[in-house]
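Enquirer: Got two chains here, each in a separate frame; can you build the complex from them with the hints?
So the sequence lines, in the order shown, correspond to chains A and B.
Using the working numbering, read the first sequence as starting at 1 and increasing by one per residue.
Using the working numbering, read the second sequence as starting at 1 and increasing by one per residue.
Just so you know, not all the hints are guaranteed correct.
[Stated by the list, open to error] Chain A regions said to be covered by chain B (calculated; three or more residues, Cβ under 8 Å): (1) 86-97; (2) 186-198; (3) 257-263; (4) 267-277.
No lab work stands behind these hints: they were computed from the structure.
Note that CB positions come from ideal geometry on N, CA and C, so glycine has one too.
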Amino acid sequence: MTALLDAQNLSKLYPVKGGAKGSLLHAVDGVDLRIEAGECVGLVGESGCGKSTMVRLLARLIDPTSGRIFLDGGDVTAVTQSQFVASPERGRIQVVFQDPTESLNPSFRVFQTIADPLKRLLKLRNADDIAAKVYRAAMLVGLPRELVQRYPHQLSGGQRARVGIARAIVVEPRLLILDEPTSALDVSVQAVILRLLADLRARLGMSYLFVSHDLNVVRLLCSRVVVMYLGKVVEVAPVEQLFANPRHPYTKALIASIPDPARRGEARPRLDGNPTSPISPNPNVCRFQSRCPIASAECRTIMPELRELGGGQSAACHFA
Amino acid sequence: MSDHLTISDLNLEFRTRHGTVRALEDVSLTVRRGEIVGVVGESGSGKSVMAYSVMGLSDAAADIKRGSIVLGGMDLLTTRGEAMRAIRGREMAMIFQSPRTALNPIRKVGRQIEDVLLEHAAIPRRDLKKAAIAALERVRIPDPERRYNAYPFELSGGMCQRIMIAIALACSPSLLIADEPTTGLDVTTQAVIMDLIRDKSRDSRMSTLLITHDLGLAGEYCDRIAVMHAGHVVEIAPTDVLLAHPAHPYTRQLLAATPTPDSTIDTLSSIGGQLPDLRRELPPCRFSERCVRKMPQCDLPPLPWTELSSDHLVRCRVPL
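Bound conformation, chain B alone (with noise of 0.2 Å):
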């Protein structure tokens, strides 16, 4: 499979009033052709930023200091305005967090399909409404004739959600990122709207990166996983490889703090000390404050990649 989202070397910086957030250094991540890849770690921890560069919707206080991002071949940092703009929802969509906020309150939803179809497919005026319902037929939305007529408010968060999905996948885009998308959501609805985000990413060998704070729900729909800590990815590896043998110590730490089946309350462990404050100097490897494997080696940078196989990468010295 060939790489279809590559992220190199990506650092961003927020300049605040209170300083300068370095929220991520370094992150580099692949995601290939067809594959569904995770992105986990505690809130704080980058995911959501990384989506967004991705996206070019970074915040105006966002600094990209260096890396780069190329999808398909296209440099996306280095595209701006109109062509970024045909990009996104083209070539790449967003599924955000809180479906009821992202969509527009006022505006029913069948218009909001219309929208990105107008936008980006070239589509005839005169059938955008049969191709707005056949996008909510997709989803798998009943009585999509009706449902077209319907404002967000008088839809349930799981039916909001597919209306998102049925947005970001109107115009069949290569990458799709979901953000989230099922917090706030029942296990009942948030297992159908991840098995409807499976079954298109699998028929249309759509590439999808799913940010979730849930290893379990990762566990279950990622080909590959990567775990995110402070901003940093500090371990990247195919899902099975990842739950049975994390190297990384922050992988084995939120594992074990994960309830599982199997999990009593003692066995139950959690993470001691909080996220370093992005702001100060830090150490090469940030995680070293809280870890209890903590070396002399691991104060000296620069922080290493090591390979452990060929597709399970580490961002530490003493891997376990």
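Next comes chain A alone, as it looks inside the complex (with noise of 0.2 Å):
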């Protein structure tokens, strides 16, 4: 079976000013990631692991350095991002971003917002059409109707979610790529957004990826996650599996690192220091080593290589 999404090999490499000639920064390395059809994936790591550089990736904002990415076995990397960003194709991923006040424009009303897509990418020209397709939108993501003619700074933060997800969904995608979809705002807020963004897959059976710092979050929602460090994946496991039994070192880290009233005063493992420079790294060093704290000899010679443990789990380190 062809998965919805395969990106193969994804790399982005960012040439530095001013440093040594020929270095570049690491920003996605070599990444492999399917997703399929009606499948929630999440994808996790710190800031500055990759996650948001494999976002604009998939979503073609930005032209890979190399690898190719299929969607339903067509390859979108064949023609370039200039070129795609005008093709209906666009429609099948969208986005819908991390701050919902700063991705809508604010001299545009709802209306407009969410009609933008239909016009651009579905070339929709007839005005009762859009207003149907607009309305309808607007109806699946619980915004009401006498909302749909206010400018963004009328609406809370929780209704701009809403219209950020309204413009997504209104071109009908098969993929959602979900950036931080909630980080902006407040728990009694999320709460609303995240059940209707599970139920929104449920009724149109779009596939999910889930970008998230919040791991109790993902969990929520994720069948299957993605663990990113400095560029590359160093672990993916079905949700539970992660949380139950983690494999690479860094994701042992992150579970412990989610706060847990459970456990209070009692002193836990953590991750300290400072992550390696993803400027030019070695390519035969573990990037985890220098914080990892089951570092050996071996780490410092061989790149572990991301492995299958079974069970759909696999992780890249000599010691999982």
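Expert: This is the structure in structure tokens:
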């Protein structure tokens, strides 16, 4: 069976200004990612690990340095990014951005915001068709009809988040990329939006790539989680298995860092120190070894590859 | 344990062009010596306004109508000018939300620590540098001699927050106010920073007021938690009691909205309605409009404090 999205050996390297000649920042480095139809995959990792670059690559907002992305078996990297943005294909992958305030055009009414992708991507011209689709999307995300003629500044944070989601789903994408969709919201509103997202996926049959730093939130929505560290995937596992039995030392540290009232006052192992530089890293050294509690000589001479551990779990560690 | 900081019946208003905002109403809270007290609530609930009024850093538009703030026998509200300046830094210190904006961008971080020492500690000038490096060492900054010369932009977010903590702790204050000290940091870094704050509080019997929107975080690190809603403290209790037996409907709903390892998308519930507009005439209980348990007697003033046990207080006529 072909996966809905299949990214193969995806890399994005940025040249470094003022650095040593030929030095490259390895934002994403040889990442494979598969998302099945209807699946919700979580992507986690600390800031600077390449999560956002992955989002931009998969949404074709930037061109990869190397690697290919297949959507429904078709190679979407065959056309350049500038050709892709104007094609109807664009509508099959949509993104809900992090900050609902920053990602809405302040001079567009909600109606225009939601109608924009219909005009640009689906080339709809008939005003009645557009209005019908806009109001349906607004209804799906639970946005009252009377708010559709408002401007973003007249809406609450939760309502703005709904507009961002409506704009993404109005073109009926196959894959919805959610980049920290609730990090700017209060918990009371976050709960509503998470439930809305779960409900929409069930009703519209979309796949989600859910990017978040909050593991308790990832756990609620996703069936499989991909953990990244410094541009590399270090672990992939079904969600329950990842929490019950993390195999990579970085994943272990990440899970041990989730605040837990049940373990108040307990001293727990912490991940200290700074990550190694992502600029031209040594390809024969494990990226995590400088902070790893179990690093050995082997880790400094051979970069561990991602390997199958059974039960859909794989980790990139010599000792997993 | 004796009370170290006592806030009683604090009423604070902001005069704005669009009316008077009653930001705090009858806020009472104590912090005992060596204790970590958490203040949680949605954005706009008055957490930071309260913290700033303790520090005497309130906005010029703020008007304290009634109440008192007493720190170790000193009345902070009648203390002004130079006297207040002497207390700030030496007796009490604050860690601000975004370390990168709170630090001076064009001054070396070592110098910024020296500024505090010079102002508040009787250290001869020639020993200043040594004292600043020792302060960096105390917050476990690796390679403190080199970091002394760093500018904030050269350091990571977590490292900048450690500098903030070093500045706050430089003169061994007896009260530390931490206003969302880990918002915007990675979970792994958050854990390290919070461990550091906890260890420093324990070692020197420093009292700490931790302001956060994250109930999970407060649950792991605080001895007691106060819940704020729309300018009221609605409940105060020891952490275990508050988490296991919340008595205020708002506390219970806040807990139900916070994702934990055990929650599922179906058990996660949201809080209906929004914070009321604090400029209009409000009912005695500011939560009543959002409350599912509202009874006719809720509209009778005054809103009482109900003592459920010696340490568990709730501002509700019909507690759970």
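Enquirer: All the hints need checking, so say for each whether the structure fits it.
Expert: Going down the list of hints, with the structure as the test:
no.: 1; hint: 86-97; in the structure: violated (count 0)
no.: 2; hint: 186-198; in the structure: holds (count 10)
no.: 3; hint: 257-263; in the structure: holds (count 6)
no.: 4; hint: 267-277; in the structure: holds (count 7)
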